[in-house]
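Asks: Please construct the entire structure, taking both the sequences and the accompanying hints into account.
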Amino acid sequence: MSDITNAADYLRRIIQAIADGRIEARSVLDMTAEQIDEYHARLVDEEKAEIERGKKMFED
Amino acid sequence: MKRFLTVLLLVFVTVLTGCDKTATIRKTQEKAIELRIYNRNILKATNDARADGTISASLHRGVVNAGEKFSKALDITDQAVLAWRQLPTKQQQDSQLDFIQRLIDSDVFDAFMDILDAVASFPPDVKAKIQEYIAAAKLVFASIRALFADSGVVILRRLDYV
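Residue numbers (my numbering), protein chains in the order written: chain A, 1 to 60; chain B, 61 to 222.
None of these hints come from the bench; they were simulated from the model. Nothing here was measured: the structure is a model prediction, and the numbers come from that model. One should not assume that every hint holds.
[As the list claims (entries may be wrong)] Cβ-Cβ distance ranges computed for the label pairs, FRET-style: (1) A:A8 <-> B:Q152: 16 to 24 Å; (2) A:Y39 <-> B:I136: 30 to 38 Å; (3) B:A180 <-> A:A33: 37 to 45 Å; (4) A:A33 <-> B:P184: 22 to 30 Å; (5) A:T32 <-> B:A180: 37 to 45 Å; (6) B:S116 <-> A:A49: 20 to 28 Å.
[Claimed, not checked] Which residues of chain B face chain A? A partial, calculated answer using Cβ under 10 Å: (7) Q89; (8) I93; (9) N101; (10) I102; (11) L103; (12) A111; (13) H120; (14) R121; (15) V123; (16) G127; (17) S131; (18) I136; (19) A140; (20) D158; (21) R162.
Built from N, CA and C at the ideal position, the CB exists for glycine as well.
Replies: Right under this line is the structure:
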C-alpha cells in the first residue's frame, strides 16, 4: 500500500472514530499557551492515573 | 546601499530561521501532547478490558509496562522542550533540537513499538478499539517525521514497516 493510501486509510478511520466518540476530537492548535499548559498537565495526570490503576490491578 | 541591503537580508534570514525553530518546538510540544492522549486512551481501554476479564493478566501487564515506558519517554521530551526555551544561544538551541529529534526517534518511538507488540495478541474486539488510537498515533508520528524532514536527521523510518 502506498503512503498516500495508508494516510487516507488512517484519516478515514480516525474521522469515523471521532464520529463514534471513540477519539477525543480536541485540537491543541486553537488554544493559548496557557490553555495548552493546563490541558497538558491534566492529560499527564490522567495518563499517570491509568498507569497506576493498571499497576494496582497487577497486585489484585 | 548594497551593504545596507546585505545587512537587512542577514537580519531577515536570522529572524526567519529563529521563528522557524520556535514554531518547530511548539509543534513538537503539541505532537507530544497528542501522543499522550492516545497513550492514555490505550491504557484506559486495556485496563477496562482487564477489569471485564476480556484480556489475560500477562497481556494487560505488557501494555501497562509499555505505556509507562512511553509516558516516561514523553516526560523526557517535555523536559527537553522546556530546556530548549531556556538556552541562550542559537547554537545551543540547534543542538538541543537535534537531541529532541533523536529522542523521539529512539526512546519515544521504541516505546510505541513496544505498545504495538503488546497489543498484537489482544482479542479482535479489544484490538479493534485500540487500533483506532494506534492509527491516530501513527499519524502523529508521520507528522513529526514531516516536521523534521528538512533537518537531516534520519527519523522514524521504521514506521514504514509497521
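Asks: So, for every hint listed, does it hold in this structure?
Replies: The hints, checked one at a time:
no., hint, result
1, A:A8 <-> B:Q152: 16 to 24 Å, "violated, 41 Å"
2, A:Y39 <-> B:I136: 30 to 38 Å, "violated, 20 Å"
3, B:A180 <-> A:A33: 37 to 45 Å, "holds, 38 Å"
4, A:A33 <-> B:P184: 22 to 30 Å, "violated, 42 Å"
5, A:T32 <-> B:A180: 37 to 45 Å, "holds, 40 Å"
6, B:S116 <-> A:A49: 20 to 28 Å, "holds, 23 Å"
7, Q89, "holds, 7 Å"
8, I93, "holds, 5 Å"
9, N101, "holds, 7 Å"
10, I102, "holds, 9 Å"
11, L103, "holds, 4 Å"
12, A111, "holds, 7 Å"
13, H120, "holds, 7 Å"
14, R121, "holds, 6 Å"
15, V123, "holds, 8 Å"
16, G127, "holds, 6 Å"
17, S131, "holds, 6 Å"
18, I136, "violated, 13 Å"
19, A140, "violated, 15 Å"
20, D158, "violated, 23 Å"
21, R162, "violated, 22 Å"
Hint compliance for this structure: hints 1, 2, 4, 18, 19, 20, 21 are not met, and every other hint is.
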